[in-house]
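Q: Based on these hints, arrange chain B on the given structure of chain A.
Residue strings, one per chain:
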Amino acid sequence: MAGSRTAWRRKLLCRPADSACYLRLLPKTPFHESGCARLAGMEMNPWQAVIRFGLGSRPDQALPADPLAWLDAQLQGPDPAPPVPAGWPAAPAVPDGYRVLNRSERVTRRPGQRHPVDLHFEAEVIAAQAVRIDTGVPYRERLVEFWANHFTVARRAGYGAAVAIGPFLREAIRPHVNGRFADMLQAVATHPAMLSYLDQSSSVGPGSRLGRRSGKGLNENLAREILELHTVSPAAGYTQADVTEFARLLTGWGNERWKEPLGVVFRSERHEPGAKTVMGRRFEEGPQATAEALRFLAGHPATGHRLATKLVRHFVADDPPPGAVARIEGVLRDSGGDLQAVAAALPRLPQAWDPPLGKLRSPLDYATAALRACGAQGIALGMFAWASAVRMNQSVWDARQPNGWPDQAASWLGPEPMMQRLDWCYDVAGRFARLEPMAVLDTALGPLAREETRQAIRRAGSPRDALALLFASPEFQRR
Amino acid sequence: MSHLPEIGRRGLLLGLTALAATRYARLAVAAPPVAGEAADRRLVVVIQRGAMDGLAALAPYGDARYRALRGPLALPEPGQDDGLLDCGGFFGLAPQLRNFHRFFAEGSLLPVHAIAGPYRNRSHFEAQDMLESGAPERLSSGWLNRALEATPPVPRGQPERGLAVGYDLPLLLRGARRVGMWAPPRPVRPPPELYARMAELLHADPLLGDAVRDGLRGRGFAADALMGEPPAQGGFVSLAASAGTLLAAPNGPRVAALEIGGWDTHANQNYALSRVLKQLDDGMAALCGQLGPAWAQTAILIMTEFGRTARANGTQGTDHGTGGVAFLMGGAVQGGTVLADWPGLSDGQLFEKRDLAPTRDLRAIAKGLLRDHLGLPQATIAAAFPGADGVAAENGLIRPA
Numbered sequence: 001m002a003g004s005r006t007a008w009r010r011k012l013l014c015r016p017a018d019s020a021c022y023l024r025l026l027p028k029t030p031f032h033e034s035g036c037a038r039l040a041g042m043e044m045n046p047w048q049a050v051i052r053f054g055l056g057s058r059p060d061q062a063l064p065a066d067p068l069a070w071l072d073a074q075l076q077g078p079d080p081a082p083p084v085p086a087g088w089p090a091a092p093a094v095p096d097g098y099r100v101l102n103r104s105e106r107v108t109r110r111p112g113q114r115h116p117v118d119l120h121f122e123a124e125v126i127a128a129q130a131v132r133i134d135t136g137v138p139y140r141e142r143l144v145e146f147w148a149n150h151f152t153v154a155r156r157a158g159y160g161a162a163v164a165i166g167p168f169l170r171e172a173i174r175p176h177v178n179g180r181f182a183d184m185l186q187a188v189a190t191h192p193a194m195l196s197y198l199d200q201s202s203s204v205g206p207g208s209r210l211g212r213r214s215g216k217g218l219n220e221n222l223a224r225e226i227l228e229l230h231t232v233s234p235a236a237g238y239t240q241a242d243v244t245e246f247a248r249l250l251t252g253w254g255n256e257r258w259k260e261p262l263g264v265v266f267r268s269e270r271h272e273p274g275a276k277t278v279m280g281r282r283f284e285e286g287p288q289a290t291a292e293a294l295r296f297l298a299g300h301p302a303t304g305h306r307l308a309t310k311l312v313r314h315f316v317a318d319d320p321p322p323g324a325v326a327r328i329e330g331v332l333r334d335s336g337g338d339l340q341a342v343a344a345a346l347p348r349l350p351q352a353w354d355p356p357l358g359k360l361r362s363p364l365d366y367a368t369a370a371l372r373a374c375g376a377q378g379i380a381l382g383m384f385a386w387a388s389a390v391r392m393n394q395s396v397w398d399a400r401q402p403n404g405w406p407d408q409a410a411s412w413l414g415p416e417p418m419m420q421r422l423d424w425c426y427d428v429a430g431r432f433a434r435l436e437p438m439a440v441l442d443t444a445l446g447p448l449a450r451e452e453t454r455q456a457i458r459r460a461g462s463p464r465d466a467l468a469l470l471f472a473s474p475e476f477q478r479r
Numbered sequence: 001m002s003h004l005p006e007i008g009r010r011g012l013l014l015g016l017t018a019l020a021a022t023r024y025a026r027l028a029v030a031a032p033p034v035a036g037e038a039a040d041r042r043l044v045v046v047i048q049r050g051a052m053d054g055l056a057a058l059a060p061y062g063d064a065r066y067r068a069l070r071g072p073l074a075l076p077e078p079g080q081d082d083g084l085l086d087c088g089g090f091f092g093l094a095p096q097l098r099n100f101h102r103f104f105a106e107g108s109l110l111p112v113h114a115i116a117g118p119y120r121n122r123s124h125f126e127a128q129d130m131l132e133s134g135a136p137e138r139l140s141s142g143w144l145n146r147a148l149e150a151t152p153p154v155p156r157g158q159p160e161r162g163l164a165v166g167y168d169l170p171l172l173l174r175g176a177r178r179v180g181m182w183a184p185p186r187p188v189r190p191p192p193e194l195y196a197r198m199a200e201l202l203h204a205d206p207l208l209g210d211a212v213r214d215g216l217r218g219r220g221f222a223a224d225a226l227m228g229e230p231p232a233q234g235g236f237v238s239l240a241a242s243a244g245t246l247l248a249a250p251n252g253p254r255v256a257a258l259e260i261g262g263w264d265t266h267a268n269q270n271y272a273l274s275r276v277l278k279q280l281d282d283g284m285a286a287l288c289g290q291l292g293p294a295w296a297q298t299a300i301l302i303m304t305e306f307g308r309t310a311r312a313n314g315t316q317g318t319d320h321g322t323g324g325v326a327f328l329m330g331g332a333v334q335g336g337t338v339l340a341d342w343p344g345l346s347d348g349q350l351f352e353k354r355d356l357a358p359t360r361d362l363r364a365i366a367k368g369l370l371r372d373h374l375g376l377p378q379a380t381i382a383a384a385f386p387g388a389d390g391v392a393a394e395n396g397l398i399r400p401a
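Line order of the protein sequences matches chains A and B.
With our numbering, you'll find the first sequence wraps up at 479, consecutive numbering, no jumps.
With our numbering, you'll find the second sequence wraps up at 401, consecutive numbering, no jumps.
All clues given are correct.
Some chain B residues close to chain A (C-beta under 8 Å, calculated; not the full set):
id	residue
1	TYR167
2	LEU169
3	MET181
4	PRO190
5	LEU194
6	TYR195
7	LEU207
8	HIS266
9	HIS320
Quick list of simulated restraints, FRET-style, between CB atoms:
id	chain 1	residue 1	chain 2	residue 2	range
10	A	ASP118	B	GLY261	15 to 25 Å
11	A	ARG458	B	PRO250	43 to 53 Å
12	B	ASN268	A	ARG209	19 to 29 Å
Stretches of chain A that chain B covers, calculated by requiring three or more beta carbons in the stretch to come under 8 Å of a beta carbon on chain B:
id	segment
13	203-217
14	422-428
15	450-457
For the record, the hints were derived by calculation from the structure and aren't laboratory data.
C-beta atoms are modelled at their ideal positions from N, C-alpha and C, and glycine is treated no differently.
With the rest of the complex left out, here is chain B:
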């Protein structure tokens, strides 16, 4: 290469010199120091946007009122064609969740039923904001970001501990602590020296500077970790697979968030759900596969903003409800049972006579994970979930080491 681009002083300060080394150079990522056991714990949060129907994903087929209440949405009992996949004689997973069922049998899936956050107004957008804020009101940062603030800073040049997988940075991971982002490449990228010049133009900008820095760093890291992977297509399954690859890397991120939409099933629910449940199931299997041995150190929280109405609406769908289901998954999870204080399905037992009544607070589950899986101190957990002092961390979610 005859002409080495001139990387300015700021480029040097940004650690972008690696760009200039060769025409084809990727951003360099230095090897971090060897980390301890706790630092190798992985936490993944999957946000299901649109409100998953918990009574469909994990049906209480053992409840005498299930079939009458659900009408056209009720699924055949376990053992029948396209029947539920049994989880202990009372609950059954939707038939698309085959891998979930396998994890359940292996003891690495813990479904939590009749669960909800503190929010009761049935608005997707407010509920999602609060689900991610971890507070009874919308904050500008997410609980997972605030939880990360307690972890030691990552040395310059290394990937951040937190990682958002996808093209958007969810509120869950926004906040003071920097996080990385990764999304599958789209065609046509500028040569590295042009990236460096762009970074020079943008680095001092109060709004854009950090994003450019982190974006470049994220690309460099991802390029290393994903070398040799087939190109991802951007669907949930490939995003989940990429998340697994990135988290498995010895020096990679340790906390990741990704999202999957398509849960707002107001009409023709059985058909609409079958597709998105299959994606979720395939995605989690791919994540598990890519994690390899790191699966044993992984806990995954799959959560949605609220449940849906217990009865079908007029259009074979369900409207916005309250209590629903969350899933904990991973080799580190103490699973194989369903965690639920079952409220029942009679009119008097339903919340406002229409929704599954919540008997467990989602924040208790998240707090339990932060405490027992990531080993975070009490003060950090309190800061992650402000206004939730009365909500005690759930015990027994994580396998004893």
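Excised from the complex, chain A in its bound form:
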């Protein structure tokens, strides 16, 4: 491990100062003129691969000798490490979560005793953070994070949603990050977490048996957000009538929380009778229409464009280069929405490597990267990673709105968030003040560290200050 790192440093130190690599951030200087090592015509140093597509390097993990092969390998096979919350022999599914919730409603809590659902949610979040801190397949975890944010569900929707979010990640997101988008959409849209979060479980077709009897009616929340956020986006030009029709089509899907079998259920007495027309496409009555409509929306060209734009924004640049978007859009179209092909295509975009460190790390990824650089153990620091994200204003599984956390730095970077980062640097540095700061810097940034930052660390009055400066440095804040 150390050998490969040193070799890379030697290759990359072809210019006198490390700062040169960082200066290339500035848009004018062409990166390729640096004369640094190249792979397949592109500048791909392993630190950059680990930072841009991963979650930052760890002292106990070797840097990849071949970044593309390393990234490709992470896309193979089934989910390697679904998080299991503490106290569970195996990962809990939706019915397990519902049982936690149902039991909690039968028990009186002592004053000051925490709600069992809060404790359960906490265990789920910590387990998920622990996986991210420890993982050897960080690109896969980044994809999980990306898709979970695309299909946001949040605990703020209440306990019924909160207990289903861990299972949502394991059942609807993680298995599909290297599968087909249409399958992920199908799994998401009929998952109890999403059905609660966007109120679908309470929507009733006004002409259905229950609707006619009770006068209850539609709730169009899920229908609207599937169109607007998950698939075609308003650019597709759908109308209010399309939203209403789609809401009618989706009626019937709900959650069974009380009677076994617990979990998702299709209640035909709530389903709006008759055919529905969504965006010019006719769908017959019945639950199968949901699968057909979702397949239609997943394959719609506007969906491809929207997904490509978001993926390129996440992995390449806040302002996605049109050429890169077109390329990913093409891969989505030609592969029939194969997310493994898309994930393999992203690191093959020249724009993904040049310029390096063009994006700011999101708050959670920033915290995770610092913990990884310090060699933290996930289970011990999972809670701290979560608390860090809360402090930096982007909590875990609790986005404020269904469009998730923004992916452009301008949407959240400001004076106060910046100060929260600096304060956090000092806090986390205090936890690792026994480490050798220069070694942490070499793990975290290698040749991407500026001379200025090295000097600040050398001159710092204490290891804690030195680590705080490393994490505060502009190069560590980026990916």
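A: What follows is chain B alone, placed relative to chain A:
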């Protein structure tokens, strides 16, 4: 203190020398020159994210169709238990808005009904972007920032005129003009000399440099102005109270924005709204209390991205709609009546047979505030609201001086 940290040349340039003066020094803030009357006018904008149901916040109980249309969401008439708080015999405030009602009686609340921006597509996210951009499309800057561009620059070392209260900088205040930010402190802060070294590392960064500079300056200012205040908890009420304290300071910011979420009430609306309306009401009372005498020079615009469906949906909630309510509040506001061209609630009168029809443009209200309260020139107002030349500034929102 035996060891004074070495503050680099850039630290000096940044005006961070005060950091080195003592171990416990806060960032210094120089006293600005005495400002004139107009410069003391305060403007606060509260963004309600998620689309407040205007028909719930200010119910048209005098409309014959109100009760039938709203069904389970209709509230008891004024005078009954948990009834509406009457505003002139036709409209009534939700019972949680007690302080709003007090302001109404004092003539310092002007509710505006059947109002909306130019946007009609019922997407929260697009609508919020446009509400804050002040344009029919999303811009990268907000109308309040562009309005600030006309005000004279603030001398170095003084707090910026604009202030965002909270942990995020809303689009409304983003743009070319620098603004300050304040959020309640969270535990563990580095010592000042470490802040200074961090600033040295970051100051030249194209993306991060300005944020660090402004953040440090904001902390220094806030530390002075909030000395002796109880620590804020970060909820809307305490944020609003802090905004009041900061705006009341003689040399403080004059234009502030803050936000309150929780308005997207698709289900069990009466319960969900009662909590968030109470927060809003308490928050505005706290803001008023902290402003003290400066309340007389203050106008507050409380606005949301759109209204909600006129009828209840199937789940005792409402879905995304069109026309809604905005509130103007403050000692400078000419209130005590409801400003509305009431469109009516019959099927033919509803927008697309489902939403309250908007009869007033939110931009007209904002323009009226910029012109009559802040005294901004026509050209600035036009730049704040591009593409809205046809929307005339509303007259009579502000009390004559």
